[in-house]
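Engineer: The lines below spell out each chain.
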Amino acid sequence: MSTLIQPARLSRKDAAVRQITRNLASRPGIVGSLLALQLAGMLFSISSSDDSSNAFGNLNIHIQNFNSDIIIVLTLAWAFLAPLYLTGRDSFESDMVFANDRLTRHFGNIGYLALIVLAGSLTAVLACLTVLLIPLLGSREVLLPEFGPWGLSGHALIMFTVLLSYALLAAGLGYLIGTLLGLSRLLVIGLFLLGLIFLGVLDDTGWHLLGRFAHFLFGNEQAALLLIKAAGASAILFAIAVISSNRQEAGA
Amino acid sequence: MIQLEFEKAEKRFQGKTALRDLTLSLEGEKIVGLLGRNGAGKTTAMKLAAGFLKPTGGDVRAFGGPVFNSLLASANTIYLSEDTRFPYTLTLGGIIDELARAYPNFDRGLATRLMDYFTLPSFMKHASLSKGMRNTFNLIAGLTARCPLTLLDEPLNGMDAAVRKDLTSVLLKEFIEAPRLIVVSGHQLQGLEDLFEEVAIIDKGRLLIHEEADAFKERFKRISGKADAVGAATEGLRVLSRRQSLPGMEETVIEMEPGTALFAPSGAGLTVSSLSLNDAYIALTGGMEGGIDRVYADTARKVKP
Amino acid sequence: MQKEGSPLKINPESSSPIYRQVADWIEEGIIAGSFPENGKVYSQYQLAELYGINPATAAKGLNLLSEEKILYKKRGLGMFVAEGAKETIMKKRRSGTLLDMIRETVTESRLLGITDEELIELIKEEMEGME
Numbered sequence: 001m002s003t004l005i006q007p008a009r010l011s012r013k014d015a016a017v018r019q020i021t022r023n024l025a026s027r028p029g030i031v032g033s034l035l036a037l038q039l040a041g042m043l044f045s046i047s048s049s050d051d052s053s054n055a056f057g058n059l060n061i062h063i064q065n066f067n068s069d070i071i072i073v074l075t076l077a078w079a080f081l082a083p084l085y086l087t088g089r090d091s092f093e094s095d096m097v098f099a100n101d102r103l104t105r106h107f108g109n110i111g112y113l114a115l116i117v118l119a120g121s122l123t124a125v126l127a128c129l130t131v132l133l134i135p136l137l138g139s140r141e142v143l144l145p146e147f148g149p150w151g152l153s154g155h156a157l158i159m160f161t162v163l164l165s166y167a168l169l170a171a172g173l174g175y176l177i178g179t180l181l182g183l184s185r186l187l188v189i190g191l192f193l194l195g196l197i198f199l200g201v202l203d204d205t206g207w208h209l210l211g212r213f214a215h216f217l218f219g220n221e222q223a224a225l226l227l228i229k230a231a232g233a234s235a236i237l238f239a240i241a242v243i244s245s246n247r248q249e250a251g252a
Numbered sequence: 001m002i003q004l005e006f007e008k009a010e011k012r013f014q015g016k017t018a019l020r021d022l023t024l025s026l027e028g029e030k031i032v033g034l035l036g037r038n039g040a041g042k043t044t045a046m047k048l049a050a051g052f053l054k055p056t057g058g059d060v061r062a063f064g065g066p067v068f069n070s071l072l073a074s075a076n077t078i079y080l081s082e083d084t085r086f087p088y089t090l091t092l093g094g095i096i097d098e099l100a101r102a103y104p105n106f107d108r109g110l111a112t113r114l115m116d117y118f119t120l121p122s123f124m125k126h127a128s129l130s131k132g133m134r135n136t137f138n139l140i141a142g143l144t145a146r147c148p149l150t151l152l153d154e155p156l157n158g159m160d161a162a163v164r165k166d167l168t169s170v171l172l173k174e175f176i177e178a179p180r181l182i183v184v185s186g187h188q189l190q191g192l193e194d195l196f197e198e199v200a201i202i203d204k205g206r207l208l209i210h211e212e213a214d215a216f217k218e219r220f221k222r223i224s225g226k227a228d229a230v231g232a233a234t235e236g237l238r239v240l241s242r243r244q245s246l247p248g249m250e251e252t253v254i255e256m257e258p259g260t261a262l263f264a265p266s267g268a269g270l271t272v273s274s275l276s277l278n279d280a281y282i283a284l285t286g287g288m289e290g291g292i293d294r295v296y297a298d299t300a301r302k303v304k305p
Numbered sequence: 001m002q003k004e005g006s007p008l009k010i011n012p013e014s015s016s017p018i019y020r021q022v023a024d025w026i027e028e029g030i031i032a033g034s035f036p037e038n039g040k041v042y043s044q045y046q047l048a049e050l051y052g053i054n055p056a057t058a059a060k061g062l063n064l065l066s067e068e069k070i071l072y073k074k075r076g077l078g079m080f081v082a083e084g085a086k087e088t089i090m091k092k093r094r095s096g097t098l099l100d101m102i103r104e105t106v107t108e109s110r111l112l113g114i115t116d117e118e119l120i121e122l123i124k125e126e127m128e129g130m131e
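Note that the protein sequences, when read in sequence, are chains A, B and C.
Residue 95 in the UniProt record's numbering sits at position 95 of the first sequence, and the numbers go up by one each step.
Residue 90 in the UniProt record's numbering sits at position 90 of the second sequence, and the numbers go up by one each step.
Residue 61 in the UniProt record's numbering sits at position 61 of the third sequence, and the numbers go up by one each step.
The hints are simulated quantities; they were obtained by calculation from the structure and are not laboratory data.
There could be a bad hint or two in this list.
Facing chain B, according to a computed beta carbon distance under 7 angstroms, are these residues of chain A, among others [unchecked claim]: (1) Ile-5; (2) Pro-7; (3) Ala-8; (4) Glu-93; (5) Ser-94; (6) Asp-101; (7) Arg-102; (8) Glu-249; (9) Ala-250.
What follows is a set of in silico ranges between Cβ atoms, one per label pair, in the way DEER data are often shown [as the list claims (entries may be wrong)]: (10) Lys-131(B) with Ala-214(A): 51 to 57 angstroms; (11) Asp-116(C) with Thr-299(B): 46 to 52 angstroms; (12) Met-1(B) with Phe-218(A): 55 to 61 angstroms; (13) Asn-63(C) with Leu-187(A): 58 to 64 angstroms; (14) Lys-165(B) with Asp-14(A): 37 to 43 angstroms; (15) Glu-118(C) with Asp-228(B): 25 to 31 angstroms; (16) Ala-214(A) with Gly-64(B): 47 to 53 angstroms; (17) Glu-118(C) with Val-239(B): 35 to 41 angstroms; (18) Ile-123(C) with Lys-226(B): 24 to 30 angstroms; (19) Thr-17(B) with Gln-222(A): 57 to 63 angstroms; (20) Asp-90(A) with Lys-74(C): 55 to 61 angstroms; (21) Gly-200(A) with Thr-91(B): 50 to 56 angstroms.
In silico contact screen, one side only, chain A against chain B (beta carbon under 7 angstroms); selected entries [claimed, not checked]: (22) Leu-10; (23) Ala-15; (24) Asp-90; (25) Phe-98; (26) Ala-99; (27) Asn-100; (28) Gly-251.
Being a predicted model, the structure only gives us computed values, none of them experimental.
Don't be surprised by glycine CBs; every beta carbon is placed ideally from N, CA and C.
Produce the complete structure using the sequences and hints provided.
Structural biologist: Okay, here's the thing in structure tokens:
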């Protein structure tokens, strides 16, 4: 008639994987907003292209400047904002209803973020290329800009690597700030002020230090090197977030 | 065997102590009523047991270790209250899917049928439910998840009488079907009281009583009759309340020590009756002697507070 | 002593505990012949669902009857009505329940100022009326 319930064992890995699936299923707004932003960026790029025509006799040169930077900017903004939502109090509390500890939740979230940032960077590059190649759809002959030694695909690959690097950094920063905000709003404001004071006290040297750091990160000849450094830096940001919130309380 | 243990558990929030020195051990498959007035610390105790909160002192243990931030405890515990926040983008059906993924014993077929019975459409969003509907859904989810440790915080709030009665049956049937440790907290318990095997009463952040429900209930008696006879019969006993009924007649509620029997002199015209669990609990935790009548009487007589 | 309310309802304010009320109900079932000798009575779970009470409380009622040799346990099969259970119950009730009721009646009639002769007369009348 009745069956005694035995305690279920659950591995950390399974719990983290479930957190990823749950994020995919229950937070469609994150992926949805990315697609909406990139689509909006594309439309904006196309509509805001400036034309200039020059006619030399019977030769008509039509230069159309497609600026797809807006897609990149929107994607980066999204990479920063999405983790803010993911780490918010509401998200945390609803995550804790299910079988999770704080670590598996973080691992699941970070895995999920890495996944969507990767996909988001890829779609961003595709969106940029699409905007770039739209003129090709016309019947007239088109002269494309110079893409460097590896041609269009090489250009795209470099673009993807650089974007992914910045997006990972943005996501790491967003995740850390979001987590700290979840712990205490005061803490974040305090840290921000402290940072400003620190930079102010050090005056030129402070900004110089920041500049050196930025140079270390971004002053690379090689895109691959940038990706490695950015991934490392964002890993540090994620780690700080995980460690600082290992004692976070739900429903307090 | 499942065991939930509070050992000198204390929980302070900035400047406010919600729970002080709670020592309570719940063991085995049973339904336990965690009772207390509003603000007594029930919800804090439940959230500590759920591993949502970290005790500021003492220990809260289950499944072989402290429950706070334990994956094993989380995988085997479900805590549901009116404030439980499911992802608000999910429909009820989506929440059921997620619960089924999270808890291996979750009975999805039963959950779906119960949702149909209580007219909870699976396409609805959790946030758009009324208070009573939300609690109905939460209780169904909490019970069909079939976790060894099931924590239900004020589960019947905001429901109409018919639904309350049906859900009481669901609770009992679920317990019989899959015995586990079910802790139900509340300050009003009509309808649930017969289901409790044990009661634990918290008052001002401390454990007041932890006793078998039957034994607890039997320790409270209402004695009525002629005032002097009642007075004589209750002399030396712990009187919780005393009030005049008819002129010259009195009704008194007494609490007896565990293991003692009441000796009522026969022929003295005394009527002795038991209290319902709820009345006994109110008598025990109610305010000062005389209750609200006293407040009005004192006000009328202009007694300085 | 299931005087008040429907037989399948616990009276929370009765002076007899819930498990006693359950036991009384089974006793009445045995007297009425609903549970014949050597027949199976309801399990603690069936009783729990019938009454809407905790199974442990129902089990307590059953155990009470098994201590009084009214029921006996068959391992893994449940509780059964003992031989001679009906007589045991009737004897017990005659000496216990019935005496209590008589005591109550006497107390009540003295409160009302009814003399002992009048009370006996009343009882006789009632008995004749039932025949």
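Engineer: Going through the earlier hints one by one, which of them does the structure break, listed in rising order?
Structural biologist: none
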